[in-house]
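Protein chains in written order, with our numbering: chain A, 1 to 134; chain B, 135 to 268; chain C, 269 to 402; chain D, 403 to 536; chain E, 537 to 670; chain F, 671 to 804.
Rather than coming from a laboratory, the hints here were simulated on the basis of the structure.
Here a beta-carbon is modelled for each residue, glycine too, at the ideal position from N, C-alpha and C.
Accuracy of the hints is not assured; some may be wrong.
Claimed, not checked - Counterexamples of contact, computed for chain A against chain E with all Cβ distances above 10 angstroms:
#1 Ala44
#2 Glu48
#3 Val85
#4 Tyr102
#5 Leu106
#6 Arg107
#7 Phe130
Unchecked claim - Some, not all, of what chain F presents toward chain B, calculated at C-beta under 7 angstroms:
#8 Asp712
#9 Leu715
#10 Ser750
#11 Gln793
There are 6 protein chains.
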Amino acid sequence: MSTIKLPENPEANPRVKAVFDDIRATRKSDFINNFWLYLAFDPALLEETWQGVKSVMAVPSALDPLTKELLYIAVSITNSCRYCVHSHTAAARAKGMTDEIYADLLRVVSTAGRTNQILNAIQIPVDEKFEADT
Amino acid sequence: MSTIKLPENPEANPRVKAVFDDIRATRKSDFINNFWLYLAFDPALLEETWQGVKSVMAVPSALDPLTKELLYIAVSITNSCRYCVHSHTAAARAKGMTDEIYADLLRVVSTAGRTNQILNAIQIPVDEKFEADT
Amino acid sequence: MSTIKLPENPEANPRVKAVFDDIRATRKSDFINNFWLYLAFDPALLEETWQGVKSVMAVPSALDPLTKELLYIAVSITNSCRYCVHSHTAAARAKGMTDEIYADLLRVVSTAGRTNQILNAIQIPVDEKFEADT
Amino acid sequence: MSTIKLPENPEANPRVKAVFDDIRATRKSDFINNFWLYLAFDPALLEETWQGVKSVMAVPSALDPLTKELLYIAVSITNSCRYCVHSHTAAARAKGMTDEIYADLLRVVSTAGRTNQILNAIQIPVDEKFEADT
Amino acid sequence: MSTIKLPENPEANPRVKAVFDDIRATRKSDFINNFWLYLAFDPALLEETWQGVKSVMAVPSALDPLTKELLYIAVSITNSCRYCVHSHTAAARAKGMTDEIYADLLRVVSTAGRTNQILNAIQIPVDEKFEADT
Amino acid sequence: MSTIKLPENPEANPRVKAVFDDIRATRKSDFINNFWLYLAFDPALLEETWQGVKSVMAVPSALDPLTKELLYIAVSITNSCRYCVHSHTAAARAKGMTDEIYADLLRVVSTAGRTNQILNAIQIPVDEKFEADT
Chain A
1 MSTIKLPENP EANPRVKAVF DDIRATRKSD FINNFWLYLA FDPALLEETW QGVKSVMAVP
61 SALDPLTKEL LYIAVSITNS CRYCVHSHTA AARAKGMTDE IYADLLRVVS TAGRTNQILN
121 AIQIPVDEKF EADT
Chain B
135 MSTIKLPENP EANPRVKAVF DDIRATRKSD FINNFWLYLA FDPALLEETW QGVKSVMAVP
195 SALDPLTKEL LYIAVSITNS CRYCVHSHTA AARAKGMTDE IYADLLRVVS TAGRTNQILN
255 AIQIPVDEKF EADT
Chain C
269 MSTIKLPENP EANPRVKAVF DDIRATRKSD FINNFWLYLA FDPALLEETW QGVKSVMAVP
329 SALDPLTKEL LYIAVSITNS CRYCVHSHTA AARAKGMTDE IYADLLRVVS TAGRTNQILN
389 AIQIPVDEKF EADT
Chain D
403 MSTIKLPENP EANPRVKAVF DDIRATRKSD FINNFWLYLA FDPALLEETW QGVKSVMAVP
463 SALDPLTKEL LYIAVSITNS CRYCVHSHTA AARAKGMTDE IYADLLRVVS TAGRTNQILN
523 AIQIPVDEKF EADT
Chain E
537 MSTIKLPENP EANPRVKAVF DDIRATRKSD FINNFWLYLA FDPALLEETW QGVKSVMAVP
597 SALDPLTKEL LYIAVSITNS CRYCVHSHTA AARAKGMTDE IYADLLRVVS TAGRTNQILN
657 AIQIPVDEKF EADT
Chain F
671 MSTIKLPENP EANPRVKAVF DDIRATRKSD FINNFWLYLA FDPALLEETW QGVKSVMAVP
731 SALDPLTKEL LYIAVSITNS CRYCVHSHTA AARAKGMTDE IYADLLRVVS TAGRTNQILN
791 AIQIPVDEKF EADT
């Protein structure tokens, strides 16, 4: 159940078709997942969102592609975004995430979740030593 | 301003001293940051928390130490934990995070923050292809 | 699947019936959605919650009814409240939200989600110019 | 630094004075904390908010007053609400929260923060046994 | 739908069997809920997580068992953790939570959710009186 | 206190100068707030972020400029982003937000915060009537 109808035959719109073609070319796969299919209800939003994700996740940068997927998962878990968790966990596996790495990811994000609670509770002053200017 | 008083002379308690000694030995530094100083108000909580963090962050595992710090930062940002963000950003820098890596981290976590909102809005059904059992 | 049983024949309780009658009169519709049906398990909580929502959402005020629904959606997305997102998106459509407005809403809340992450990361000092007293 | 100016001489407004008088009578104290002082910028919002908090926190109910404060703290920590954490931690201490109870509270909310992350990650199907109707 | 496959015959692994035996003994029940069944994909993570939860929730401490479950629910609601909400609501009922207590819990956590929003909006300075050192 | 040093003389970099010039032209003001000043530590991130915010907030669209600021505030409150709350509240005032509108905004976002908690607790099934396809 979704808040918008799945657009019928979205590639009849040339702007949508251009984005979908770019998704297929970037991923070297014919599969278009539901996120992009539903977002086709507004071609401009589809274009902007795909460009934003592609420029960060599909372009070589300081962090390697798997690390970027792990970070994406970490944020999506914390925001309780069900779809995002599923799609980026699948993407991480496709980029080499083993069960051992996944368990380690869970270990770190759950430890962070634990100490975040303690520190948001105690409201401890930040050490001057952590100041970027010192 | 904090919800508990900074304990005075916490190392007079041998359980606290043992934890602080282990922190110093693990980090090869005399610096004890405020988190542990304040947590000394309850030696059992201090012990459990330090053991939990140490076993995940200071022991070699599938993920390298810098990646673990980046994940810790990602969760702390999303939970809006000011102290955690500061302490783990400092830790990440100490483990080799350059400004270029930091900018890349910000790019990924902000892109995740962006699409998390869209997907928590549209409530799109998860693709069967993402199912771990398929 | 819910944490409480759907009350059977809730309008047998006159306090529940009075709230449901008011919901029907306020909305000019016979439809009572699941939120209120389930909440009938505790008539006092039902009364307080309906009064709170009605006094804010169904009474004319500085903001127009559609804007109030859009704000409600924005908060519900960010809190990852699935039911709330669905019910208030439906309400917004009933009050005139077009697909074009919906896409614009998604653009704003996702941009906010993006920069919120950057600013919760960098922990920038607030400009004095933003101070209400200056 | 706040988004609204601290109202000057707020009790010149009789609606504000009535609320402040009720706060003082309910708490048996002359102290009015900043929340109510700032909220006086809009007397209607002040009235509604105080009535809502008072009816839940200052009226005897199934849960005892200290437990209610602990629950308030737990939510405020998780929402990273700095002011709320401080004011309700102070209120809990006034109602009998010892350091031992506080440490126990931190233990529970941090354990919840930890497993919430794991479960929001793995997206495990809810056991039928937890269904309220079974 | 989950991000990991439900392990088949997990108790063939002696580390998993030891944890499951301890869960059954601690709870005096043969029922192992899905959380632990899925977590068996990584025996070390299963062990650590169970030890952490058990030491906080199943060992007598300053707070009584029901209050600890209520706090767990409060955090899980605020983090929008569907599974956690269901499992700990069921646990709270098993430990004596009546519908009356549940309604009171909902009253407190929703009031906190309400004022958290106002205070995160207005960014009011914390009263000095709330300072732990004063 | 911030996680990055405020860049000195950032406009010596022509990419930074171009963004700052565009900010000044778009806003018809010489004031550059701290967000952009700090973000200048990475000119590419500065460019992308400014383009993203500008294209949504400074370009005419279905929603009027004030409504967009109110939505931005609503998300920022819920994410507990202190800087974002301050900067967008100031922006909303500059675009015509009166105290009366602000109080109404607080009423709506706090009511949403309240019912979000109840619904994330009870986990009520979404009414079929809310389905976009029906």
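TODO: Just pull the numbers of the violated hints for me, sorted ascending.
DONE: Hints 3, 4, 5, 6 and 11 contradicted; others consistent.
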